[in-house]
Amino acid sequence: MHDRDSTLDAEAAAARLGVSRATLYAYVSRGLVRTAGPAEGPDHDPRRRLYNAHDIEALVRRKAVGRRPDTVAATALDWGLPVLASAITEIEGGRLSYRGHDAARWAETASLEDTARLLWGCGEADPFADPLASAPAWDGDLLAVFAALPLTERCQVLLPLVAAGRATAWQRDGRRLWPGAAALLRAMAGAASGSAPDARPIHEHLGRVWGLDAAGADLVRRVLVLAADHELNASAFAVRVVASTGASLGACLNAGLSALSGPLHGGTTSLVEILFDEVVAARDAAGAVETRLRRGDGIPGFDHPLYPDGDPRAAALLPHLPADRLRDDLAAVMAETAGRLPNIDFALVALRRALGLPRGAALALFAIGRTAGWIAHALEQRRDDKLIRPRARYVGPSAADGPAR
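Using my numbering, count along the sequence shown one by one with no gaps and you end on 1398.
Everything hinted at is true.
Cβ pair distances, simulated, as ranges:
1. Val1388 / Ala1207: 52 to 60 Å
2. Ala1208 / Arg1023: 35 to 43 Å
3. Ala1192 / Gly1093: 24 to 32 Å
4. Ala1118 / Asp1378: 17 to 25 Å
5. Gly1086 / Gly1116: 22 to 30 Å
6. Ala1208 / Leu1077: 36 to 44 Å
No lab work stands behind these hints: they were computed from the structure.
Virtual Cβ for every residue (Gly too), placed ideally from N, Cα, C.
Based on the sequences and whatever the hints tell you, model everything.
As structure tokens, this is what we get:
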């Protein structure tokens, strides 16, 4: 399924970069070079992997520009070098960690509230037990009015009702913001699921809304934790830019939701839903994949640039789902023919279908979980007390080129 002209074997990739194979493997572990399965043929060896030629060339260009500030800054904004310091989440060597805790291991037992306390740096404090952490229980009529809105827009309408009138909204001290942050997280769970927020653990609240048993609610708990943060992705960066202006937590979450509404971020789960629909309709995963490729469509829900050996979030969730032959066939087809492994979007949709949740619940679960991380980024950025203000490299006509006046 991959184009051999767009891949290199290890020897060629290392030679192009002028590095050893060990250094090449280090680039892969850091997410700088993507890999694919081996090409079919008489010399086919399933243990050999191929390396993305576009990523190799990007590294060559990066080395060529050296340390010039303008060129380094430009590459940093596109899956490139780190652009700011953060103590919240680390992605390194194929692992995702929350403040030093392996996220997959943490998700075995932790709730989203536990994860929020960890990401927010609460220590022994429990903001969810504070009276100010209660979110207003909006009535059914209000929910019905906004039910037809897209999920992100519905949340953007309802969340201001939580932040309105709260003295904590503009506080600079993060500890004073924690109870209001807890209220916003509970409100997000209600807004995203079309329910009135309450003080139950969020996975139990969602389990009640969706009619799940204890096992189903526990799967919801697990995926919420795994979705809680992912370092400096598009929505987290949007949150931090807004937070750097001194805006309220509610405004910061609005920025995160706006970024999530884009098809290249939150829209991926909808594409994975369509893929699953086609596999189910064909009753044949391999046939459905071949049909998509013949008409020039991609296969969403697989691979992640930061995880060349597979997304650990998907690996931590999929084995716990009820058996599904077509789902497993789809994953097997992609692994065996293209060396591509499921990512978090695939896992979210797989869970949504396994539990019989309403369409759109995959994105709802992601948004609810990620709210904990967005708040963490907002709090951390506000503590920095510096405005994020990058510069643009002007590429238009100069004033001297314009007509004289």
